[in-house]
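Got chain A; can you put chain B on it based on the hints?
Just so you know, the protein sequences line up as chains A and B, in that order.
For the first sequence, position 59 (counting from the first letter as 1) is numbered 59 according to my numbering, and the numbering increases by one without interruption.
So my numbering is basically just the index in the second sequence, starting at one, shifted up by 1000.
Quick caveat, the hints were computed from the structure, so don't treat them as lab data.
Treat the numbers as computed from the prediction; the structure is a model and nothing was measured.
Pairs of lysine-lysine, PhoX-like flavour, derived with a Cα cap of 25 Å:
1) Lys1035(B) to Lys166(A)
2) Lys1127(B) to Lys127(A)
3) Lys99(A) to Lys1099(B)
Protein chains: 2
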Amino acid sequence: MDYDQRYNDYRKIIDERLKQVLVEEEPNSLYEPIKYILLAGGKRIRPVIVILSCESLGGNLEDAINPALAVEIFHNFTLVHDDIMDNADIRRGLQTIHKRWDINTAILSGDAMFAVAYKLLSQTNSKRVGEIFDSFAQSAIEVCEGQALDLELETSLKVGIDDYIKMISKKTASLIKNSAKIGALLANGTDEQIQALENYGFNLGLAFQLMDDLLDVVGDSGEFGKSIGGDIINGKRTFLLLKAMEKVRGKDKEIIGRVFAKDGLDPSIVAEVREIYFRYGIIDETQKMVRFYTDIAIKSLENLPKSDSHSMLVWLANKLCERRI
Amino acid sequence: MDYDQRYNDYRKIIDERLKQVLVEEEPNSLYEPIKYILLAGGKRIRPVIVILSCESLGGNLEDAINPALAVEIFHNFTLVHDDIMDNADIRRGLQTIHKRWDINTAILSGDAMFAVAYKLLSQTNSKRVGEIFDSFAQSAIEVCEGQALDLELETSLKVGIDDYIKMISKKTASLIKNSAKIGALLANGTDEQIQALENYGFNLGLAFQLMDDLLDVVGDSGEFGKSIGGDIINGKRTFLLLKAMEKVRGKDKEIIGRVFAKDGLDPSIVAEVREIYFRYGIIDETQKMVRFYTDIAIKSLENLPKSDSHSMLVWLANKLCERRI
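If we strip away everything but chain A, and leave its shape as in the complex, we get (with noise of 0.2 Å):
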């Protein structure tokens, strides 16, 4: 079966839907952002996965779209509130929206967004819909405590990389095993099953974490949507950073420190960083990590039932893996 076709068709059918919720809402200057953001393309990973662990457990898209739909909503909102705490300019090729609009904006087109996906929660039709429910607010919660643990990370200074990954099991991991984890509850899965996606998804949340902070550093800029080496000059506490703390020595020692004490930072430290990374053996470790909770992640799926659906979501996961973007 040709994935990436399916993939696309997928993303094709969520972009419609999402067009549709939002169509003639009131007030302009509250929705006219959220299309924005919403309709500003993105992967779509976590919607597909809700599909996914649905289908996979023979339930069907039309039960998953609406659970899915909320997913993404969710996940964009976190990004419009994000891209004001980290003062980021771009998000997906365009201009962040507090720097379009304004900070006001930013903050309260991201609320409605936040109350529109439990809206469309809402509209979910299962006789599981109060673990669904709670699934998705036990996740909204953890997203919210991963955020303040990155923002503790970016200021404390002694951070490890247990802190990381506490951190980014809340921040990025959450949702996606949740996103997951709803699936299956959409299908009524068994607990075992339940538990299987659950894990599924929480360690393909973690992989795909790390390949974030790795193409920040070896990523094609064109295609990333976000300009290559930002992690660096901004001095953000990535898996790499934390890992070139922990091993670099002398006068490497002293670059790297630069970048973790956010320390006279400016575009022509990014090729020496870099250099340091892939001197280190920091790029190779980073993608053995990755390399290691895809399996996971894989390895999770192997007593679920056997389909189209199953097959992709292990395509899915290899394909995160590997991807240049």
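Same frame as chain A, now just chain B:
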């Protein structure tokens, strides 16, 4: 029955439960500001309405408490974000979160409060849980739309009383309406009973907001927890200001026009504007509008079963209509 006493008892229960919800949550950087705002007091009108509406149709407090807390936490979330947007320094006699901490903390703590509200709501045990979620989500959307309309109102040159009523219908009345509706749903009320309590809440919400506008001009500053005349100094488009724009003439028109245009306002203008509001009967007219909506609210309840909770809903409407704070 001593409803003042009973109201205070409900408040104590709500305050106590709010404390329990938040105990030992981490990270501190996220939950400390949440505790700060939630435990700073507040009238707790919305959760009391959830409880009384539920009880008035035969339900009990234990069924209603989680949704009641959810509504209160959601309401506080909107205060935190609105205070950023309005650049407000003081709330309930304390510094606002974005002043005491910073804007990022206020954005993120607000987001987490929204999520915690949903988490509590997802723990609701009711056969009508779908309708309860839907009602809550719809209200959340309307509150955001109302805030967007409010921001539009503040910069628009042509604003009428009808725009104002539309705005407060969403920004303030929607959540009070849905508090009453959720209480009715929890008690598994009939369609007519639910509608009656919705009407009660909606009209009470309108009366409540008009009273809030009025108290900025004639309230007791110590008790009100905000500075008196703040709306005037900020040129806020309240019911009183918009009425004054319609009615006043000559030199008075010039003064009111300056408030409307937010043009060179300083504390000395407050006394002048107050005097105009009194002289043109605008204070009196606003009080009559408060009474008008309060009476509709009370009348909405007339066909509901009589009980102490029913009588207390009537008492509460009159109380809010006569409040000085």
